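Asker: For the protein sequence lines, the chains are A, B, C and D, in the order given.
Position 102, counted from 1, in the first sequence is what the working numbering calls 102; the numbers after and before it change by one each time, with no gaps.
Position 123, counted from 1, in the second sequence is what the working numbering calls 123; the numbers after and before it change by one each time, with no gaps.
Position 126, counted from 1, in the third sequence is what the working numbering calls 126; the numbers after and before it change by one each time, with no gaps.
Position 24, counted from 1, in the fourth sequence is what the working numbering calls 24; the numbers after and before it change by one each time, with no gaps.
All the given hints hold, so there is nothing to weed out.
Partial chain C-side listing against chain B, Cβ under 7 Å, derived:
1. Y14
2. Y15
3. E33
4. E34
To give a feel for the contact side, a few chain A residues facing chain C, derived at Cβ under 8 Å:
5. S26
6. R30
7. I56
8. V59
9. S61
10. C64
11. K65
The hints are simulated quantities; they were obtained by calculation from the structure and are not laboratory data.
If you're wondering where the values come from, they're calculated on a predicted model, not measured in any experiment.
From the three backbone atoms N, C-alpha and C, an ideal C-beta is built for every residue, glycine too.
4 protein chains.
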Amino acid sequence: MDGNFVVYKRRNNYYETDQMGIIHHSNYIRFFEEARLYMMKEFGLDYAGLEEMGIIIPVMSVDCKYIKPLHYDEQIDIYTKITKFDGIKMDVEYEIYRDGELCTTGKSGHCFLDKQLKPFRMKKIYPDLYEKLNSIL
Amino acid sequence: MDGNFVVYKRRNNYYETDQMGIIHHSNYIRFFEEARLYMMKEFGLDYAGLEEMGIIIPVMSVDCKYIKPLHYDEQIDIYTKITKFDGIKMDVEYEIYRDGELCTTGKSGHCFLDKQLKPFRMKKIYPDLYEKLNSIL
Amino acid sequence: MDGNFVVYKRRNNYYETDQMGIIHHSNYIRFFEEARLYMMKEFGLDYAGLEEMGIIIPVMSVDCKYIKPLHYDEQIDIYTKITKFDGIKMDVEYEIYRDGELCTTGKSGHCFLDKQLKPFRMKKIYPDLYEKLNSIL
Amino acid sequence: MDGNFVVYKRRNNYYETDQMGIIHHSNYIRFFEEARLYMMKEFGLDYAGLEEMGIIIPVMSVDCKYIKPLHYDEQIDIYTKITKFDGIKMDVEYEIYRDGELCTTGKSGHCFLDKQLKPFRMKKIYPDLYEKLNSIL
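Bound-form chain A, shown alone (with noise of 0.2 Å):
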């Protein structure tokens, strides 16, 4: 993965099994969402202050592509990267590694709300959040 991307590490919970012995696919959005969370909090926006702020980020869309099964107590490594940012939507891929294969890759769409679930104009309203955005590209 090229760019402004953080590494974020975890480790795979035995509650994640289903009966085919592997990790089941609906945690991988959980494992995006950790790994996403991670990163704005490395860039300096964290999430928890974002929402009392009054900003809330939903999902609009997710993919997943699930290359290489995991497993019970797995490490694994989550690259993790805004791939584009508008002041109004938000992009961010993710690529997990298990020493140092690659098994999924995924990718998540995002817009910003305020507390009524309206659109509003960042660049304007929260000119350093945007600045700030705008710089981790």
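Given the coordinates of chain A, work out where chains B, C and D should sit on it, guided by the hints.
Answerer: Coordinates of chains B, C and D only, in the frame set by chain A:
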């Protein structure tokens, strides 16, 4: 189960299994919640409506005995009953049956809080709700 | 949705919400699985039975577009359809409706593996299953 | 907590919250599992390895007291200890602390089964494992 119980029926999902090939034990706590909220609705107490009124009913304790393991796609019957209510706290008991065989027993303890997460005098502030819950017992 | 679809009905659980007050986006992937396995059963293909025969159908890709948020206790209808099947791979599409309003669309891609997690010639080894899946399309 | 305990640290995830704005109570049972498997690994007992040997350790009972609610992104310390072991059954206790404040207590009861889900004489069949678990107590 004696007294004023309600039977909630559900089918176990694939994503609720783990690599032991059985339903992961943490999910039973979720099944109890499904059964409890269904029971309350059957008694005319809609939890979504209670939350809108500003009443929340957090869980203070939970316990569960796993007698026989449950599996994917099994239909289960959860017998559910309020065993204590005094206007401040409520206890609920559960028995999970599969084809008439008792597989699980459980209990949960609850309190009633307002939106500021403070206890309140239900008998005084919501006498109708108090009477309804009292009458179920 | 046109063609040979099945409608799966479910009600959203409290434990599926998050602190945004909506159903957490990862759970939709689980709803798709519920709908897919229900559809297969409606078509006479019981997944528990397939696993006993030694056939597993892992998820190779998933994607989801979140159009309108879903909430606790809402009843949803998931329209589900096989859109591709060639004996080796299968694609499934989903549309989630609430009171007739389209809230979510999604897709999942699958392959057919034996217990050793190897692909197999379904047309040759399980001709009846092949014919059944082919006829659904 | 006295005795031979292990402290497991974790941070609460966004997807573990519910619409009350707190960590959903069912997730604590999962946190206990994380802590328990971490403790066993710290004591030289790798659960993935035990399963490969043909030993599974299902949960027979669980209970949890919720003293203070936990929230998204909080760092918690789970003190974890084996309180009973007799070769057939094992009890584990948990205390969750946030910034030194006790927020949750819990217990779980376990048994040791072989792959056919039958109890076995650990002292005879796996004397090393028996000694190790006995010595931890």
